[in-house]
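Chemist: Numbering of the sequence shown is given in the numbering used here, commencing with residue 509 and proceeding in unit increments.
These are computed hints drawn from the structure, not numbers from a lab.
There may be inaccurate statements among the hints.
The list that follows gives simulated cross-link-like pairs (lysine-lysine, DSS-like), each with its CA atoms no further than 27 Å apart [to be verified]:
no.: 1; residue 1: Lys550; residue 2: Lys600
no.: 2; residue 1: Lys577; residue 2: Lys628
no.: 3; residue 1: Lys628; residue 2: Lys600
These figures come from a predicted structure and were not determined experimentally.
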Amino acid sequence: MWLSRKLIIVSVVALCGISMPALADECADPQDQTTMNICAGKEFEAADKALNAAYREIVGRIGDDHETKTALTAAQRAWIAFRDGECVFQAKSVEGGSIYPLIVADCKTALTEARTGQLKAYLDCEEGDMSCPVPPAD
Numbered sequence: 509m510w511l512s513r514k515l516i517i518v519s520v521v522a523l524c525g526i527s528m529p530a531l532a533d534e535c536a537d538p539q540d541q542t543t544m545n546i547c548a549g550k551e552f553e554a555a556d557k558a559l560n561a562a563y564r565e566i567v568g569r570i571g572d573d574h575e576t577k578t579a580l581t582a583a584q585r586a587w588i589a590f591r592d593g594e595c596v597f598q599a600k601s602v603e604g605g606s607i608y609p610l611i612v613a614d615c616k617t618a619l620t621e622a623r624t625g626q627l628k629a630y631l632d633c634e635e636g637d638m639s640c641p642v643p644p645a646d
């Protein structure tokens with residue numbers, strides 16, 4: 509019994525390894541709506557990962573300043589709520605259609621990339637910029 513479970517797990521992992529490069533190739537020229545939706549989701553995941561990296565870097569620079577961290581967390585949560593609501597609104601005309609996930613994912617990717625740019629700008633503030641809440645790198 510244990511051996512058969514292990515074999516199933518190994519098989520699934522192997523298939524995932526095979527399918528990911530295939531999906532990457534499919535994303536270069538998607539041929540159907542399902543693939544377009546999946547690829548748009550992958551693009552959003554990459555954008556979200558970059559956003560989280562910039563956010564973590566800011567948190568690291570803020571250090572022990574609890575008030576600034578609290579303000580950043582509140583701003584980020586509000587921004588995420590805005591992004592998600594805005595993208596549902598943008599896709600409202602295609603709600604229920606097969607293209608809906610693509611429209612939402614593309615919107616979320618665009619807004620997330622813009623937000624990442626904002627966060628990175630905080631990381632590049634010039635020393636002495638009193639309007640910048642993030643201290644310069646050491």
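Chemist: Are the hints correct? Go through all of them and say.
Modeler: Hints, verified against the model:
Pair hint Lys550 plus Lys600 holds up; C-alpha atoms about 22 Å apart against a cutoff of 27 Å. With a C-alpha separation of about 16 Å, the suggested pairing of Lys577 with Lys628 holds against the 27 Å cut-off. A threshold of 27 Å between alpha carbons decides the hint, and for Lys628 with Lys600 the separation of about 31 Å lies outside it, so the pair is violated.
Hint compliance for this structure: hint 3 alone is broken.
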